[in-house]
Structure formats: structure tokens, C-alpha cells
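*Asks:* Given chain A, work out where chain B should sit, using these hints.
Respectively, the protein sequence lines represent chains A and B.
Mind the numbering: the first sequence is residues 1 to 330 in the numbering used here, read in order.
Mind the numbering: the second sequence is residues 1 to 665 in the numbering used here, read in order.
Read the hints as simulated data drawn from the structure, not as lab findings.
Just so you know, not all the hints are guaranteed correct.
DMTMM-like, lysine to aspartate or glutamate: derived pairs with alpha carbons at most 20 Å apart [to be verified]:
no.: 1; chain 1: A; residue 1: LYS116; chain 2: A; residue 2: ASP165
no.: 2; chain 1: B; residue 1: LYS454; chain 2: B; residue 2: GLU572
no.: 3; chain 1: B; residue 1: LYS221; chain 2: B; residue 2: ASP487
no.: 4; chain 1: A; residue 1: LYS274; chain 2: B; residue 2: ASP487
no.: 5; chain 1: B; residue 1: LYS573; chain 2: B; residue 2: GLU651
no.: 6; chain 1: A; residue 1: LYS62; chain 2: B; residue 2: GLU378
no.: 7; chain 1: B; residue 1: LYS591; chain 2: B; residue 2: ASP637
no.: 8; chain 1: A; residue 1: LYS121; chain 2: A; residue 2: GLU32
no.: 9; chain 1: B; residue 1: LYS372; chain 2: A; residue 2: GLU32
no.: 10; chain 1: B; residue 1: LYS372; chain 2: A; residue 2: GLU155
no.: 11; chain 1: A; residue 1: LYS259; chain 2: B; residue 2: ASP487
Listed below are the residues making up each chain.
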Amino acid sequence: MKRLWRFFPALPALMLSGCTVDLLQPAGPIGEGNRDMMVLEWAVMMCVVVPVIIATLVFAWKYRASNTKAEYLRNWSHSNKIEVFIWGVPILIILVLSGFNYWSTHYYDPYRPISKEMQVKVGAPNAKPLHVEVISLDWKWLFIYPDLGIATINELDVPTKTPLDFRITSDSVMTSFFIPQLGSQIYSMAGMETQLHLMASRPGNFQGEAAQYTGPGFSDMRFRTIAMPQEQFDAWVQNVRSGDNPHVVKEALDAQTYKKYHAPPPAPHDEAPKPAPVMYFSSVQAGLFENVVAQYNVGMTHDHHGKDMDEKSMDMHSGSHSAAPSNTGM
Amino acid sequence: MLGKLTLSAIPYDVPILVGTFIGVAVIGIAVLAAVTYFKKWGYLWREWLTTVDHKKLAIMYVILGLVMLVRGFADALMMRTQLALAYAGNPGYLPPHHYDQVFSAHGTIMIFFMAMVMMQALFNFVVPLQIGARDVAFPLINSISFYMTLVSAILINISLFIGEFSNVGWLGYPPISELQFNPGVGVDYYIWSVQISGIGTLLTGMNFLTTIIKLRAPGMKWMHIPVFTWTAFFACIMILTTFPVLTVSMALLALDRYVGMHFFTNDGGGSVMLYLNLIWSWGHPEVYILILPAFGVFSEIAATFSGKPLFGYATMVIATGIITFLGSLVWVHHFFTMGSGADVNTFFGIMTMFIAVPTGVKIFNWLFTMYKGRIRFEGPMHWIVGFMITFSIGGMTGVMMAMPAADWVVHNSLFLVAHFHNVIIGGVFFGYVAGLSYWFPKAFGFKMRDVWGKWAFRFWFVGFYLSFIPLYAVGLEGMTRRMNHYDNPNWHPWLLVACVGVFVLAAGVACQLIQFVLAAFDAVNKKPDALDLTGDNWGSGRTLEWSIPSPVPHYNFARLPVVRGLDTFHIEKELGRPAPVADLEPIHMPKYSAVGPVLGACGLLIGFALVWHIWWAVIVGLVVAFFTVVHRSANLDVDFYVTVEEIRADEEAFARRLAAAKAAE
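If we strip away everything but chain A, and leave its shape as in the complex, we get (with noise of 0.2 Å):
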């Protein structure tokens, strides 16, 4: 048993051999900046906190009543050089760290594009952006690609080296979208889009997740990202397009058969709903994203054939007809 113990200072090291800490991991230039803040304060604090947890022993020690050496000073309750030292030295640090949080909140604005600087650290200063549409349903992560076309359920694939464009909405409760080793999350929220910007610097399969308790299904709606090389990804893209892969569903995804996929998997009360499985489509209809978030807006709303979209929204609608997707720009 004694010789175990020796093992114990130990315990954590072991722990931590061969897995991922995602966020001192990351896997791309906003997780890096995420994670150098986290740091950064970390260390700046530590040269607080560490002198006063020494201090507090050390004159917890010092000072007990079995000592009657150590000066006691019985009525001694002010100096104003402590009092300066007190205010000054933490106001100092704060003031350092409020520099740092203007501009980093700032540089890793997640609404603000990923820079030209970060591009070109990776090595690609003129990847075009790729845009993904992310909507988050009960219990799962639907990722259109606009501009290719095709649709994905909860798995995301994204070239690497190349930035990435998301807007966020959600067609159910509120949830939060977060790749950990990729950086910052933004939430997502039902008639309003929300924006975030990250960029994967090297291949890759992390875990997404959904941040923001979302009910029965939470703990299964995930998704995993996986980065894979531009060459690579547009193969997956083909692959997606002709059809031959396994998880492609044999129909597109269009206001119809969009109602099957936005619908919630049955949540018995004794155990957790089925999580969804990955699925692909190899088209989907344009403009979707868009009428996910107009349906919660201005009453009715229409898809781009005029038919209505959400029977949710006929019971309140104010006759108008025209959407107004809203920006949550606070």
C-alpha cells in the first residue's frame, strides 16, 4: 500500500498520457487565440494567487497563539503603505489584462472574418471561405453547404486551411454550436441567425457538440468534424453529389421532406431518446436556411415554391409576407 502512494504524485500525468485536452490542443488559428488568452491569464494570476495561498500558510503558521515568540501586534489595524500596495497591485494586473481583453475580444470576434494574417500563418493566404449553414434541431446538427449544395446531419466536414463561415440558427429550443478544438462557440437561436468564424490548420476528427442544454437528447447531439485536405474534401463532396455513399438519403432536402428530419425522435421518460444517425444529402433546396429563421418572424412565410413552410406560425400570423431574418447585433 505505502509503496502504491509513491505512484500518487504521479496519478494526473498518467491520467493525461495519450489523450486530447481539446482546449490546449486546438486544432486551428482561433482555438490557438482562445487558448493563448486562457494562458495568458492563467499566468498573470498564478503571480497573485500563488503568494497569497503561501502567505495565508505562512502566517497561519507564523502568527498561531503556540508561538509566543512572534511579535503580536494587538491593536495594529491600518498602514496606508499596505492599504497603496493592496489597491495598487491588483488594479496594475487588471489593468494589463483589461488591454489584452479589448483586443482579443476584438481579434477573435467570432462575427468577424478569419484574417488575413491567420491565413496565411497556415499557409494558404487565398483559400476562399467555405460557407456552412448550421440549423440545430431536436437532437441533432443540420450543415447546408450553400454553395455546393449538398446537406449533412450530424457530421461535418470541412476542408482544412480554409476558412469557415458559419451562420447558426435553430429551428427548436436555444442550444450553443462548439467544435472545442477548433475555438469559440456562438448559440443558436430559433428566427434569429447568429455568425461565427473558424478555420481548421490541420486534419482531423474532433467533437462538436451542443453547448446549451437542450432536453432529453442533449447528451447525443453531437457531431464529429472532420478536417481533411482540400483534395480530399472535394473528393467527399463527389462522393456526396453521385450518391454512392452509405449515408446518403435517397431524397432531397427541400421544405418537405425537411418537416421528417426537423421532427423529434420519441423521449420516453426511462431512457435517453436514440440519437441520430449521420446522414448526407446530395441536394438540397436553396434558400432553406433562410426560411428556418423567417418562419419564427413575421408570421407566415414562404418558401421559395409559395407554399407555407411552418403550420406553426398560421395560428399568429400578422398577414404580412414578407420575412425578416433578424440579426441578434446587440
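*Replies:* Chain B only, in chain A's frame:
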């Protein structure tokens, strides 16, 4: 007749709940039987249930808080064991439908019915004694506050056995808390228990703010107010400015659910962003409402056990004021991921960081209070050392998340969960427990056995790190909160460690309960060395509450004290007590009243009936409540005078005890 309530609402098919129900029923029947057997119903009603005495209310708050601590802790045990099991295809033993209610109940109970209750217990017990008052400004309203809190706690526990509780987290975020996604009664139980307890808290805030402003003993200038009372003062200001926001948010959500309005729905112009802003502009000040009194407790304890005045009293008061102000300007940091503009995020991020300044100053103040002191490590002092270490770490992770660029990856992760448990356990909880053991002898006139308190501390301290450092780790590995099962092999070992940690914490809770049971045992047996004869149990009390007998007579102060400065009791001990100038006079006191329990019963009926849409019962409750208030308003027989004979007898008994204590030395 019974609205939505049918027999199918009873979850008799869930073994955990049936077992819990049987347990609760057995204990409940045993307690009722004991009260009946010992013929204590009359005593209980006359002396406790109808009391308006702030000290007795404080004791009842503590009992409620402890019961709810055990309840909330049971939820924590269930969550941790579920996550230790539910790995790689194993669904665990709690399906999402049940698990989601468990985490929602855990958060709601620990904040509203454990922490807020303990805080009100401390306010009630300490504030009037520290400022030399004979009761609070509005004693009857104080009793009503307690009953509103009590019945909402009862309501939340009824949801265990009749119907279900909310499954959407402790803040009930829409749209998932809306009828469209959540047609059950769970969210309604949540809304009404929060609403009713909110009334209680709001009344407490109003009551204590008035008390501190108006009822201070002669001579107590603002800068003579003890630090705990200062923190209560600022907490009350925050209660008054933010709890109405909570009330409004809950009311709007209720309107959505009950009459089909569209404040927070997906469609019809509703906005989830509105709810998030509302609820957090209450929710963030709320955590400062909780932590400030804990800071106050630590300030009192640090001075008492270091045998020195608090270092930097004025600084401490100013820092508390700054936290109160800044605390209302940071709420957006709870949703940096909502897509606000960079300037908005920066503003709230920097404000959040700046709260670290006054908080850091406070830590340094306690540090320099210990510096060159004579520190006696009795029970309460252990908690403060544990607090300073733990809270520093929690503060560090808080500042880390105040940077939006960092928060975007740890938002809603277990890193966040670890952070707020770090500050709530390491700050709020440690503080309240320290306060409980510090003022316990004052309340009861005898001491608790310190050794059990120290073991409780050791288990809580070690258990905290075992439970929550792993959560920081899995948060960095991308694990989000509120997951019911997972298949990531990296997370599993950490969650096993966290599960061990929660059992260590359970040992801490057990030690605390044993400490209370043994204290009661010592009291019944009149164990001589457990008695607090002098009223200054720790021997180095500095503030007014230590100048009067323990337990405190119902009128608190036989003569109103004249305050000569900060730490006035310490000054008296140094310079000698002035001889009483005037003879004793009859003391004007409020009569006990049944209005509190009656309004409480109405509140419970109304809350339960609203949950189940039993409209006639809602009306009955409202009518009875209305006429109770009218009757009380017309009742002029609400006060009495304590006779000089009674006071003199108490004073003479106290003098004899002091003499005996002196002789024993």
C-alpha cells in the same frame, strides 16, 4: 375540481422516489409522533411557529437550510454517481427525464433554499445584535419572510412526489421552459417556488435595510457599524434592486405559460435574449448577495481569532460598496457567446475583471489581519484559512473566464461548473458554516464540540478539491455541463475521481450533522464545560453581540448600549464597562402572531393550486390572505412591555454566571 391533478401525477413507478417518499414519511411521522407524545404542540406553536423574535426565526432558518442542504446534497450524490457510471454505452441509473430534474433541483435548492436561507439566518441572528437593536424594524414582516421561504421550500419538495420538477436547469432558460417544449408541471413548480421565496427575500431585504439605517444603538455612527452588518447592508441594497427583476422575469415566463403570451417564445415576437438579460441582471448580483455576507463573517472571525482589529476596516467597507456597484454591471459575462458585438463583450469583460480588485483587496485585508496576530485555530478559523486558499483559486478561474476570448471555449463547460462551485463552496458555504459555528454558542448558550467541526472542515476542504479539480480538467477537455451520459474515454477517470470526492464531501456533511446532534445531547445533559457562561464565548469578541448573555434574552439588551466606537465591546473590555447610568426600564416588545403561519399556509395553497390550475383554491388562498392582513391591520393589541422584574432577574442571573466564570478561572 382538481385542475390538472390526477392520480397519474404520482410517480409510484420510480423506485428512487418511492424509497425517498417512504424515508421522508417515516421521519415525518416520527417527528409528529414525538411532538404529540411529549405534548409539545402548544409549546411549538406559542414559542416557535408564531414567533416574531429574530433569533428564533434565525434558528428556524438554519434548520430549514440544513434540511435543504441534505436534500440538495442528495441530488449532487446522484449526479456524480450517474456520471461515474454512464460511460461508453452504459445509460447509468438515471434516465434523462429524471436526471434533468435532479440537476435543476440541485441548483435551485442550493441557491434559493440553502444559501439564501442560511444567509437570512445570519442576517436575522447577527444584525440586530451587532447594532444593539431589540428586534428588526418590522418583526411581523420578518416572520412572514420566513414563512414565504419555508412554504416555497415545501412546494419544491412536493414536486418530488406529486408531478415532477423542472428539467431545464436552475434558471429555467426559455424557450425550452415554454409550454411548447415543456408541457408538464415541472417548470410551474419552479416558477412558483421561486416567486414565493422571492417575496420572502425581498421583504427581508427591505426589513434589514431599514433596521440597519434606523435601529442602530445610540452613538453608532456609520463607520462604527461592524463589518458583517455592513455586508448585510450592501446585500440588502442588491436584494432591493435586483429581486424585483427576478419577480418580473418569472411573472413574464408564467404569463407565457399560463395565458399564451409571447415574451420569450420562439415565435410571436418573443425573445430568449430578453430573458437571458433579465434573469442574469438579477442572477449575477445574486451571487454577490450571497458572497458579501460570507465576506462579513470572515471579517468578524479573522479579527476575533487573530486577537486584533480587522485590518483596513474603511477599505473593507469601500470595497464592499464597489462590489455592490460593479456587481450590477457584469451580467452579460454569462452569455458572451450570444453574439453581442465586440464592444459590448469588452465592456462587460473588463467590468467583470475589475471586480477582482475590491475582492483581492479583501483577501489582503484578512491576510494582514492575521499578520502579527495571535491566531487561535478553533473551528471557525479553519474555514477562513481554507476559504482564502480555495477562493483565490476560484477568483483566478473567474478572471480567466472574464476574458470573452477565453470564455468562448469554456462557456457552459464543466470548467464553469467547477469555477462557480469553487467560489460558492469555497466562499459562500465555508463562510456560512464558519458563521454558524461562530455564533452557535451565542444562540444556544453552549458550545458545539469543536473536533467534529474540524473534521467537517477537513472533509469539505479535501472533498472540494477531489470533486472539482477533475471538473476543471474535463472542462478543458471540452465536456459541457448537464450531460447525462458520454463516451469520451478521456473524461471517465476524472469523473470517477469527482465521484470519490462527493463521497468525501458527504463525510463532511455527516460530521456537521453529528456535531449538531452531539451539541443537542450535551445541552440536554447540561455538560458543564459546554456551557457559555460569559456570553463572550471565544474570549475575544469585539462587537456588541458578545456583551450580552448567551442565550440572548428575548429583548436582547437589558439597557440599550451606548456605542463608543468601532468594536465597541472590545473598547469596553479595555477601558472597563461604564456603570449603568439609569435604572432598568420596561421594554416595549412586539407580541407573537399567527399571521406569519397563516399567510404561509395561504402561500403554499396558492402556489400548489397555481401549479395544478386549481383556480378555486387559488381564490380561497387569496381571500384568506387578504382578510388575514385586514384583520391584522385592525388589530391594535400587538405589543407588550417586558417587566422590570423579569429583566432584573435575568440580569442578576447573568451577573452570577459571570462571577462563577471568573471564579473558575
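*Asks:* Hints broken by the structure, by number, lowest first?
*Replies:* Failing hints, ascending: 2, 3, 9, 10 and 11.
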